[in-house]
Amino acid sequence: MARSKRVKSATESLLGIAIILDIGVVFFGALALNGLGFYAPGVIALGAFLAVVVFVALYRVLRFRAGQWAGHLIHLAMLAAFFWDVVMGLSAAVAVGFWVFGAIRGPALDRGSSPAAD
Numbered sequence: 843m844a845r846s847k848r849v850k851s852a853t854e855s856l857l858g859i860a861i862i863l864d865i866g867v868v869f870f871g872a873l874a875l876n877g878l879g880f881y882a883p884g885v886i887a888l889g890a891f892l893a894v895v896v897f898v899a900l901y902r903v904l905r906f907r908a909g910q911w912a913g914h915l916i917h918l919a920m921l922a923a924f925f926w927d928v929v930m931g932l933s934a935a936v937a938v939g940f941w942v943f944g945a946i947r948g949p950a951l952d953r954g955s956s957p958a959a960d
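First residue of the sequence shown? That's 843 in the numbering used here, and the numbers climb one at a time after it.
No wet-lab data here; the hints were simulated from the structure.
Computed from a prediction, not measured in an experiment: that's the story for all the values here.
Here a beta-carbon is modelled for each residue, glycine too, at the ideal position from N, C-alpha and C.
Don't take every hint at face value.
To be verified - Label-pair distances were calculated between CB atoms; the ranges are: (1) 883 <-> 953: 46 to 54 Å; (2) 906 <-> 936: 22 to 30 Å; (3) 885 <-> 849: 37 to 45 Å; (4) 880 <-> 952: 39 to 47 Å.
Could you put together the complete structure from these sequences and hints?
Laid out in structure tokens, this is it:
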């Protein structure tokens, strides 16, 4: 007998999309860093791999409140990319902005409230 599939909340879905954007930022950031030649390709590949592992693990725990808080902290740390390079910080800010949108709008959708209903 097959188990029924768990239904994701709107918050979990929106934050999951934000994590996919984060993985894209890591991928293209790794390509850009490799093109600059400041770091060895192995170091860049290892750093990108570890970042993707962190984001995949975060994706798996988004259903829990602690997982969402861990995501808040990780995205706050992503904003520290501004200290490294302004362009990298701006790239991270796009993904962080979508995370903030999902963190604010997702619970409102889960409660069933919408701007039209207010």
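Evaluation of the provided hints:
no. : hint                    : result
1   : 883 <-> 953: 46 to 54 Å : holds (47 Å)
2   : 906 <-> 936: 22 to 30 Å : holds (26 Å)
3   : 885 <-> 849: 37 to 45 Å : holds (41 Å)
4   : 880 <-> 952: 39 to 47 Å : holds (43 Å)
Hint violations for this structure: none, all hints satisfied.
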